[in-house]
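> Going line by line, the protein sequences match chains H and W. Per the working numbering, the first sequence runs over residues 1 to 457. Per the working numbering, the second sequence runs over residues 458 to 868.
No lab work stands behind these hints: they were computed from the structure. Even glycine gets a Cβ: it sits at the ideal position worked out from N, Cα and C. You may find that some hints are simply not true.
Per label pair, the in silico range of CB-to-CB distance [claimed, not checked]:
no., chain 1, residue 1, chain 2, residue 2, range
1, H, P317, W, V741, 43 to 49 Å
2, W, A781, H, V351, 39 to 45 Å
3, H, G410, W, F773, 24 to 30 Å
4, H, G171, W, G577, 32 to 38 Å
5, H, P317, W, A840, 35 to 41 Å
6, H, S355, W, G769, 51 to 57 Å
Now the stretches of chain H that chain W is said to cover, found in silico as 3 or more residues with beta-carbon under 8 Å [said to hold, decoys possible]:
no., stretch
7, 101-107
8, 119-127
9, 187-194
10, 235-248
11, 361-373
12, 406-417
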Amino acid sequence: MTHLAPALAPVHQQYLLEARQMQALSFTVHIPLVCFGIAFPAMVLFAEWMGLRTGDPVYRTVARRWSRIVLALFAVGVITGTILSFEMGLLWPNFTATFGSVFGLGFAIEGFSFFLEAIFIGIYAYGWDRLSPRWHWVSGMPIVITGFTGSLTVIAVNAWMNHPTGFRLVGGHVRDVNPWGALFGNSLLWSELIHMYIAGYMVTGFCVAGAYAFGRLRGRWGRYERVAMTIPLTIACLAAPVQVLVGDWIARDIAVEQPIKLAAIEGLYKTTRGASEHVLGWYTNGQIKFGIGIPHLLSLLAFHSWNARVIGLDTVPPSERPPINVTRLSFQTMVGIGTLLALLGVFYLLVRIRSRRLPETRWFYRALVVAGPAATVALVAGWVTTEVGRQPWVVYKVMTTAQSVTGAGGIPVGYTALIITYLGVAGALIWILRRLANRPLDVPEPGAPAAPTPQPA
Amino acid sequence: MLLKALPLVFVLAGLVLYTVLAGADFGAGIWRMLSGPGEQGRRIRDHAHHSMGPVWEANHVWLIFVLTVTWTAYPTFLGSIASTLAVPFFIAALGIILRGASYALRSGASTSREGVLVDGAFAVGSLVTPFALGAMAGGIAAERIPVGNAAGSLWSTWLNPVSITVGVLAVAFSAYLAAVYLSADAARRSEPDIEEAYRRRALAAGAVAGALAIVGLIVVHADAHSLYAGLVHGAGLAVLIVSLLAGTAAMGLVAARRFEPARYVAALAVAAVIAGWAFARWPVLLPDLTVYQAAAPHDTLVAVVVAVVAGGAILFPALGLLFALTLRGHLGTPGVDAMPPAGVAKGVLSQAGRAGPAFQARLAVALLIIGIGFLNAADAPWAHVIGVFSLFGFILVAFAAIVPRALTQEG
Ligand code: HDD
Ligand code: HEM
Ligand code: HEM
Chain H
1 MTHLAPALAP
11 VHQQYLLEAR
21 QMQALSFTVH
31 IPLVCFGIAF
41 PAMVLFAEWM
51 GLRTGDPVYR
61 TVARRWSRIV
71 LALFAVGVIT
81 GTILSFEMGL
91 LWPNFTATFG
101 SVFGLGFAIE
111 GFSFFLEAIF
121 IGIYAYGWDR
131 LSPRWHWVSG
141 MPIVITGFTG
151 SLTVIAVNAW
161 MNHPTGFRLV
171 GGHVRDVNPW
181 GALFGNSLLW
191 SELIHMYIAG
201 YMVTGFCVAG
211 AYAFGRLRGR
221 WGRYERVAMT
231 IPLTIACLAA
241 PVQVLVGDWI
251 ARDIAVEQPI
261 KLAAIEGLYK
271 TTRGASEHVL
281 GWYTNGQIKF
291 GIGIPHLLSL
301 LAFHSWNARV
311 IGLDTVPPSE
321 RPPINVTRLS
331 FQTMVGIGTL
341 LALLGVFYLL
351 VRIRSRRLPE
361 TRWFYRALVV
371 AGPAATVALV
381 AGWVTTEVGR
391 QPWVVYKVMT
401 TAQSVTGAGG
411 IPVGYTALII
421 TYLGVAGALI
431 WILRRLANRP
441 LDVPEPGAPA
451 APTPQPA
Chain W
458 MLLKALPLVF
468 VLAGLVLYTV
478 LAGADFGAGI
488 WRMLSGPGEQ
498 GRRIRDHAHH
508 SMGPVWEANH
518 VWLIFVLTVT
528 WTAYPTFLGS
538 IASTLAVPFF
548 IAALGIILRG
558 ASYALRSGAS
568 TSREGVLVDG
578 AFAVGSLVTP
588 FALGAMAGGI
598 AAERIPVGNA
608 AGSLWSTWLN
618 PVSITVGVLA
628 VAFSAYLAAV
638 YLSADAARRS
648 EPDIEEAYRR
658 RALAAGAVAG
668 ALAIVGLIVV
678 HADAHSLYAG
688 LVHGAGLAVL
698 IVSLLAGTAA
708 MGLVAARRFE
718 PARYVAALAV
728 AAVIAGWAFA
738 RWPVLLPDLT
748 VYQAAAPHDT
758 LVAVVVAVVA
768 GGAILFPALG
778 LLFALTLRGH
788 LGTPGVDAMP
798 PAGVAKGVLS
808 QAGRAGPAFQ
818 ARLAVALLII
828 GIGFLNAADA
838 PWAHVIGVFS
848 LFGFILVAFA
858 AIVPRALTQE
868 G
């Protein structure tokens, strides 16, 4: 491979680590929020549709209250996303200058997608009572679609960074650019996209259901709450087991396209036939300490063969290896949480099918309260696996993160300012969500037992 | 040649729309701070808040549009300006966070003390962001940004006479546009005192913006001579005159209470200023970089043009719908609760014909097994496609089997 000649002359950046952490912080704030943009509108529309079908006003109340939460979270999603776009220039100008012509199209299309999302969220959230019920419902459909297309294009960029195609390097310069092929002809795109999309439904479903579970544990329970819990809970509990299956798919893709990332995930130093899988433990000096080894399992999982050869970290020089323990621990966190959530989902589904009701044990509701935050942790841990596992490359095997970073000073100042700002935003967001949740229920429905909800103690 | 310039036309058009639409949103934030005391002050603030509610997010996306098209079509240009102008860029980012967050908060603030706090944060964001973006534009127009990774000074590239003038002008102009827009909106709602309050503000802000524009020309003459030379010759001069005429006409229209045309004429004035820069310096983007040198490879430019044209074909009807609904007063406030209108009391949609529960359950299990087989046991890409669709089918069918029944049975 020829060496890359970046578009701007490379510089030495003393604060590369801070720049990476700033990027990571911005993502950690943005991605959980966008899960609600991906999944919540569909749940709101389902509730509204049930209301249209049955004429029961409780559904409309649910949809209407949820739509306000969608609006508030969308506003914060927009600003955190804007920060990410700015950071492409602020932190990684050389990445953007060198490869903007290859991947930029993805963000340009994403822009249109968010445009439409913003427009229809405006119409939907401000159009209750003003548009006819049927048209109001229809005006929500584009939000669901654009939530999907928006993630499609962003993930296309990320999949391209992990598996760059659609250009050639001639004397270090980027030539023969084919942006459509780079973004959408990429084998990693589909597994990443589906995994992220389902993660969006899990995070949203468990978080929303968890909020009502918390209320139920404190005696706040009526028909409204039951409806508002059943919809997100069922979706999340169906998505959780499927996510494990999709996770297996994505891991097999990684085994083929990014063997060093897989080696880091598994802490595999030596290239091995019939490699064993290690659960838990800590990587030092080329081996896993205190882990539980299961012989042949890694070869079996990654390549579906008892004695398949799995590439180890020793095939690349130390400077091209990602931080092993960060990658490995975050991966194990994701898989551990994913497995537990899948079990929780199966438990709910079994109770539902056998006795046609919600589970009654308090432990189930306690678990649900934890499930939302746990799914969010799994989400971030998954992205840490992907992004840290790709290091030191920003474009896998083509451009290093150090080559792409800005030469501007003052990164620590910016980083500190961003931390303070985001802490403020987080505090504000929690405050507004509590406000929205504590508003008295707004529909006096005939024959509904739980109309005025007591404030939580 | 044309292909290399076309994305720049999109970028400049996006910039005009952002300045006019989002600029008015920033201005509304400024007026919330300058609303004055008492009951009328509160109404002036609330009016600014409610008029912007449904549209600000859509208006904001024009900035994202400008940014993404620039980095796709002129990557070196964007890399150079973003790294050298990191400070104002970051300040603009923080301002946008403040604005967005306080917007989301305003709907939850109920006590007046909370309202004042939120309005204060909103106003700071609304002042800082147009100033920082204007200062960046000034630095670029004055050709102070060299090509390279943070190759120019972090400070003098945007804290120089031209930048500061353009930054302040951007703030004044935002305030002016907002006042015009809010007067028009108050007139539509027949609230004459609010209309008059904003009309006075529009005239004051317009006078300030006009004076600043003239000062700006003098500063450009002294500080950025090549830009000045371009502005007083040929096409540059023509658009400059258009801008002056449009600016004056807009003031006259506001004085005569013709707010709606005043907005379009004011927009023309901004468009002319931005076009003036483009004509004056064409094809220079940065001191050592022309549009032709900065442009991305051919296939990328074609892709950008296709994406923008196709995206625009979907976008503009949708935007038209949003603005039409807003102007006709079809969009209310999400915070106001009302009884459901009579129309929905009995199911509007008829019961869809549905299959029996046992069948749905069996179908779901079958889809799950097929999905595992094709996604997890098989290795071929085509098999994975079948697997993914089966698993999505499983989720949908199982959801349909469980939820509607669960919701209607209990209760
Ligand atoms: C709710 C969240 C969640 C849950 C429960 C899981 N994942 Fe995950 N995972 C993600 C959320 C996530 C993610 C955040 O969405 C990632 C980051 C990049 C991506 O595409 O998805 C991800 C990435 C990711 C990667 C790395 C992909 C790459 O580097 O491109 C692998 C190998 C897995 N996952 C595997 C699994 C397995 C085997 C799971 C089984 C239990 C699992 N995930 C559960
Ligand atoms: C669609 C695009 C992208 C997605 C979805 C994505 C996702 C993420 C996430 C979630 C993290 C956080 C990891 C953590 O918490 O530690 C992260 C970190 C990071 N991202 Fe990305 N990213 C994307 C694009 C980029 C781009 C464009 C760059 C820059 C060139 C980049 C460089 C980094 C770096 C350097 C880190 C920090 C990694 C570390 O600390 O080692 N990513 N990314
Ligand atoms: C895992 C990766 C990502 C996903 C799934 C994702 C998805 C989304 C979604 C669904 C929204 C809509 C807002 C909401 O619902 O809250 C959004 C907003 C946004 N995202 Fe992301 N995003 C990701 C990463 C990024 C990256 C890497 C960037 C830029 C570099 C970015 C830029 C934006 C912008 C600018 C917005 C605001 C759009 C607007 O103004 O309406 N996102 N994102």
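> Decide, hint by hint, whether the structure agrees.
Evaluated hints:
A C-beta distance of roughly 44 Å is found between P317 (chain H) and V741 (chain W), which places it inside the suggested range of 43 to 49 Å. With their beta carbons about 49 Å apart, A781 (chain W) and V351 (chain H) fall outside the hinted range of 39 to 45 Å. Distance hint check for G410 (chain H) and F773 (chain W): the Cβ-Cβ separation is about 40 Å, which falls outside the suggested range of 24 to 30 Å. Range check, G171 (chain H) to G577 (chain W): about 55 Å between beta-carbon atoms, so the 32 to 38 Å window is missed.
Hint check: P317 (chain H) to A840 (chain W), Cβ distance near 37 Å, so the stated range 35 to 41 Å holds. A C-beta distance of roughly 54 Å is found between S355 (chain H) and G769 (chain W), which places it inside the suggested range of 51 to 57 Å. Note: the stretch 101-107 of chain H has 5 residues with beta-carbon separation from chain W under 8 Å; the three-residue rule is met and the coverage holds. Counting residues of the stretch 119-127 of chain H whose CB falls under 8 Å from any CB of chain W gives 8; the rule of at least 3 is met.
With 4 residues bearing a CB less than 8 Å from a CB of chain W, the stretch 187-194 of chain H meets the requirement of three and the coverage assertion stands. Three residues within the 8 Å Cβ limit are the bar, and the stretch 235-248 of chain H against chain W gives 7, so the coverage statement holds. Interface restraint, the stretch 361-373 of chain H with chain W: violated (0 residues with C-beta to C-beta distance below 8 Å; minimum three). Only residues whose beta carbon comes within less than 8 Å of a beta carbon in chain W count, and the stretch 406-417 of chain H has 7; three or more means the coverage holds.
In summary, the numbered hints that this structure violates are 2, 3, 4, 11.
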